[in-house]
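From these two lone chains plus the hints, build me the complex, please.
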Amino acid sequence: MSTASEQVAGADHEHGHDGPKWLQHHFDIPVQQFEAAKLGMWLFLAQEVLFFSGLFVAYGVVRVNHPEAFAAGSGQLDKIMGGVNTIVLLFSSLTAALSVRSAQLGKKSEVNLYLLVTIVCAFIFLVVKYFEYSKKFEHGLLPGTYWHPHLEHGEALFPAHTHVFFGLYFMLTGLHGVHVVIGIGVLGWIMMRNNRGDFSPEYWTPVDLAALYWHLVDLVWIYLFPLLYLI
Amino acid sequence: MSDHSADQPHAHDDGAVHVHVHSVRLYLAVFFTLITLTVVTVATSYVDIDGLIRPGTPAGAGGFNLALAMVIASTKALCVVTWFMHLKDDNRFNAIVLASSVLFAGVFLAYTINDTAYRGQTEPFNGVYVRPDTGERAPGGIDRVISGEVPYPGIEAPAEPESGAAAGAH
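Residue numbers (my numbering), protein chains in the order written: chain A, 2 to 232; chain B, 6 to 175.
To be clear, the hints were calculated from the coordinates, so they are not data collected in a lab. There's no promise every hint is true.
Stated by the list, open to error - With a straight-line Cα cutoff of 20 Å, these simulated EDC-like cross-link-like pairs (lysine to aspartate or glutamate) come out:
{"#": "1", "chain 1": "A", "residue 1": "K80", "chain 2": "A", "residue 2": "E69"}
{"#": "2", "chain 1": "A", "residue 1": "K130", "chain 2": "A", "residue 2": "D79"}
{"#": "3", "chain 1": "A", "residue 1": "K108", "chain 2": "A", "residue 2": "E203"}
{"#": "4", "chain 1": "A", "residue 1": "K137", "chain 2": "A", "residue 2": "E203"}
{"#": "5", "chain 1": "A", "residue 1": "K22", "chain 2": "B", "residue 2": "D19"}
{"#": "6", "chain 1": "A", "residue 1": "K80", "chain 2": "B", "residue 2": "D53"}
{"#": "7", "chain 1": "A", "residue 1": "K80", "chain 2": "A", "residue 2": "E139"}
{"#": "8", "chain 1": "B", "residue 1": "K93", "chain 2": "A", "residue 2": "E36"}
{"#": "9", "chain 1": "A", "residue 1": "K109", "chain 2": "A", "residue 2": "D199"}
Unchecked claim - Partial chain A-side listing against chain B, Cβ under 10 Å, derived:
{"#": "10", "residue": "Q34"}
{"#": "11", "residue": "F35"}
{"#": "12", "residue": "L51"}
{"#": "13", "residue": "V58"}
{"#": "14", "residue": "E69"}
{"#": "15", "residue": "A72"}
{"#": "16", "residue": "F92"}
{"#": "17", "residue": "L176"}
{"#": "18", "residue": "G178"}
{"#": "19", "residue": "V182"}
{"#": "20", "residue": "Y230"}
What the hints assert, rightly or not - Label-pair restraints from in silico Cβ distances:
{"#": "21", "chain 1": "A", "residue 1": "L114", "chain 2": "B", "residue 2": "G61", "range": "53 to 61 Å"}
{"#": "22", "chain 1": "A", "residue 1": "E69", "chain 2": "B", "residue 2": "A115", "range": "49 to 57 Å"}
{"#": "23", "chain 1": "A", "residue 1": "E69", "chain 2": "B", "residue 2": "L108", "range": "44 to 52 Å"}
{"#": "24", "chain 1": "B", "residue 1": "F98", "chain 2": "A", "residue 2": "W23", "range": "17 to 25 Å"}
{"#": "25", "chain 1": "B", "residue 1": "T38", "chain 2": "A", "residue 2": "G107", "range": "27 to 35 Å"}
{"#": "26", "chain 1": "A", "residue 1": "F132", "chain 2": "B", "residue 2": "F98", "range": "37 to 45 Å"}
{"#": "27", "chain 1": "A", "residue 1": "A37", "chain 2": "B", "residue 2": "G68", "range": "24 to 32 Å"}
{"#": "28", "chain 1": "B", "residue 1": "A100", "chain 2": "A", "residue 2": "L127", "range": "27 to 35 Å"}
{"#": "29", "chain 1": "B", "residue 1": "S105", "chain 2": "A", "residue 2": "L176", "range": "37 to 45 Å"}
{"#": "30", "chain 1": "A", "residue 1": "H149", "chain 2": "B", "residue 2": "S28", "range": "52 to 60 Å"}
All values derive from a computational prediction rather than experimental measurement. Note that the Cβ used here is the ideal one computed from N, Cα and C, for glycine as well.
Bound-form chain B, shown alone (with noise of 0.2 Å):
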């Protein structure tokens, strides 16, 4: 009695609750498939398809590997809220009130990334303390090495600052 034509969700003259009462053998099926999708997300793991693909790639960096694990992870996740979850039944405010808020987490991820990726791009003296061509102090140059850690190349500690320059930085 899955009967959600969008305008009479429930048009039924009792007033009961009346849903569709799914074979276990549908849950069974579904409990399957996300087995066999963990399994096969785990084998994948052992192989390095972005060394595969890019020969040189260093562990972690490329994006193929995860790239599969999230498409298994998110079909994974469809097959729970369709079936487990009864989004297939349900009144479809109710997918649309999950999808929103996946909208929103997945805004909040690209802006930030967005933001945070790319910020020694768009300014090309961040992480040195000083400028190269002018000597002047960088702005927004990393201004200490956190102790026990390798300093990226390139971060050398400031000579000296001359006075001039270090006043005429702010």
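Bound-form chain A, shown alone (with noise of 0.2 Å):
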């Protein structure tokens, strides 16, 4: 390694070496420490993508042997709301990355108003889809045995199987929606520590990753927006 490794080579072995409060002891140097990180956390994203994959792959069969259902169910669900939802969600993925570019400059007070943002636009994101829940259970639109769908001219026809269809939707757009929970958590623990000033223009990795796991759940949203809103 480099020669900064032998700075640490102390005898005494005591947590209180020369590095920086935040630079782990098992890590020679900051640069070390930062790409393990992140390695690490995109690690933990790729299993994400996997762990999204086995309902995008239902999603898939039951779509090519019942096209038609897939077809009426969609024609269910609000295009403008999951529109707006969308851009709220691109908007907030923004705000994440300005937030840490703010980070990278040591800007405390505009990583806080970053992060605020991330997480009110979160926080839409969910009324919304509150509306929009709300409305599918109003109309019996569900999976399973509580399908019984009656929109307002009464009884409903729909194709054989639609109801796989809002199984899916309710399980895909539930697993994200409660990915944009936990992404709330963890923006406002980051904010937290932000307050707290235990990020400078040294060491920003946490608020880096907490950005990358926030532009994931966009990522699977970017997805699920056109594969259950739009075709």
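Next comes the structure, spelled out in structure tokens:
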């Protein structure tokens, strides 16, 4: 490794080595810690992709067999509400990216502001989702045995297997919604640490990793929106 | 300082983290690209491209609307991972990690659909109770009609199975 590794080679081996306090004891230099943290986060995000892939494959399999059910189910979703939520999430992704930028520059109050906007967007997303869900509940557009469609004009006719579309809709958006809720917690925690003064232009890795998670939530929605609402 | 020569990605003397801080303008440009693509994909969803190319395609059955929407979504995803998630500046290995997960999700999807979508074609008697040619119970045949659903044409409840044929099915 580099010559910097020798600086912690003191025989006393106590925790008070000369590195900054955010540098973990088992890392020699900041850049090593940074790269390790980023790689770890990317491995987690790769796992998230595979975690969601099961439901996407289920979507594909059922769609190939019952395209008419998917067209009918998709037609019941509100493109405008979905589109608004897409824009809200994209905007929150922008502010998340800007919070990392501000952290890199050491602008503490800007980091706070951008994180706050990101969290507010997450709540807006959930509120819109709540209105969408309650409408589906009202109309009985529910999966499995809870399927009892009754739209404005009495009994509605849907192709067979349309309830499977709504099963996938609730599972996919529900799992995504859980990620949004967790994201609110993670971003709030990073905000608290920012206020505590944990970050500096030398150390902003946690802000970066939290933003990476938030971008993944956005990425999943980028695919969910057209698959569920548009086609 | 996005110095990503593969062998020594961050060979700086002080061991500190050096990244290139992008301009706000770049992030805004990415954001507005994403918004534009969102508007485009919503707009194209109102156009029945499949119906235009092959008139009479039932809703949802064609592939062109789907393919276009997926191309647009993937372009958006690429914008997000490249700039918002900094894969452009990162150690290349992180991009490989993401690409490999996407690759395996693709393998998962392709192989599963290749199986499920063509089952009826490899087994011509899938979906019938009784083979019309021999009168035997069809292997893998659907043996009940799910209540409330319109059965496919060709599925009929089996007539009293002859004892010989039923025993021979096993």
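Here is what the structure says about each hint:
1. A threshold of 20 Å between alpha carbons decides the hint, and for A/K80 with A/E69 the separation of about 18 Å falls inside it, so the pair holds.
2. Between A/K130 and A/D79 the alpha-carbon distance is near 11 Å, which keeps this suggested pair within the 20 Å criterion.
3. The hinted pair formed by A/K108 and A/E203 meets the criterion: a straight-line CA distance of about 12 Å does not exceed 20 Å.
4. With a C-alpha separation of about 49 Å, the suggested pair A/K137 and A/E203 falls outside the 20 Å cut-off, and the hint is violated.
5. This hinted pair checks out: A/K22 and B/D19 have alpha carbons roughly 16 Å apart, not beyond 20 Å.
6. For the hint linking A/K80 to B/D53, the alpha-carbon distance of about 16 Å falls within 20 Å, and the restraint holds.
7. With a CA separation close to 18 Å, the supplied pair A/K80 and A/E139 stays within the 20 Å bound.
8. Restraint check: the Cα-Cα separation between B/K93 and A/E36 comes to about 15 Å, which is no more than 20 Å; the hinted pair holds.
9. As the CA atoms of A/K109 and A/D199 are separated by approximately 10 Å, the hinted pair is consistent with the 20 Å bound.
10. Given hint, A/Q34 at the interface with chain B, holds; its Cβ is 8 Å from that chain's nearest Cβ, closer than 10 Å.
11. Look at A/F35: its Cβ gets to within about 4 Å of chain B, closer than 10 Å, so that hint holds up.
12. Using the Cβ-Cβ criterion of 10 Å, the hint placing A/L51 at the interface with chain B is satisfied: the shortest such distance is roughly 6 Å.
13. For A/V58, the interface hint holds, since its Cβ comes within 10 Å of a Cβ in chain B; the closest pair sits about 5 Å apart.
14. The criterion of a C-beta within 10 Å of any C-beta in chain B is met by A/E69, whose closest approach is roughly 6 Å, and the hint holds.
15. Residue-level restraint check for A/A72 holds (minimum Cβ-Cβ distance to chain B is 3 Å; threshold 10 Å).
16. Interface restraint check: A/F92 against chain B, minimum CB-CB distance 7 Å, threshold 10 Å, status holds.
17. For A/L176, the interface hint is violated, since its Cβ never comes within 10 Å of a Cβ in chain B; the closest pair sits about 15 Å apart.
18. Because the beta carbon of A/G178 sits about 19 Å from the nearest beta carbon in chain B, more than 10 Å, this interface hint is broken.
19. For the restraint placing A/V182 at the interface with chain B, the shortest Cβ-Cβ distance is roughly 21 Å, beyond the 10 Å limit, so the hint is violated.
20. Interface restraint check: A/Y230 against chain B, minimum CB-CB distance 8 Å, threshold 10 Å, status holds.
21. Taken as a hint, the range 53 to 61 Å holds for the pair A/L114 and B/G61, whose Cβ atoms sit roughly 55 Å apart.
22. In this structure, A/E69 and B/A115 break the distance hint of 49 to 57 Å, their C-beta atoms being roughly 23 Å apart.
23. Distance hint check for A/E69 and B/L108: the Cβ-Cβ separation is about 32 Å, which falls outside the suggested range of 44 to 52 Å.
24. Between B/F98 and A/W23 the beta carbon distance is about 23 Å. The supplied range of 17 to 25 Å therefore holds.
25. Between B/T38 and A/G107, the C-beta spacing of about 28 Å keeps the proposed range 27 to 35 Å intact.
26. Checked against the hint of 37 to 45 Å, the C-beta distance between A/F132 and B/F98 comes to roughly 43 Å, which is consistent with it.
27. One distance hint, 24 to 32 Å for the beta-carbon pair A/A37 and B/G68, is violated here, with the actual separation near 43 Å.
28. Taking 27 to 35 Å as the suggested C-beta distance range, the pair B/A100 and A/L127 conforms, at roughly 31 Å.
29. For B/S105 and A/L176, the Cβ-Cβ distance of about 22 Å falls outside the hinted range of 37 to 45 Å, so the restraint is violated.
30. Our hint of 52 to 60 Å for A/H149 and B/S28 holds, since their Cβ atoms are close to 54 Å apart.
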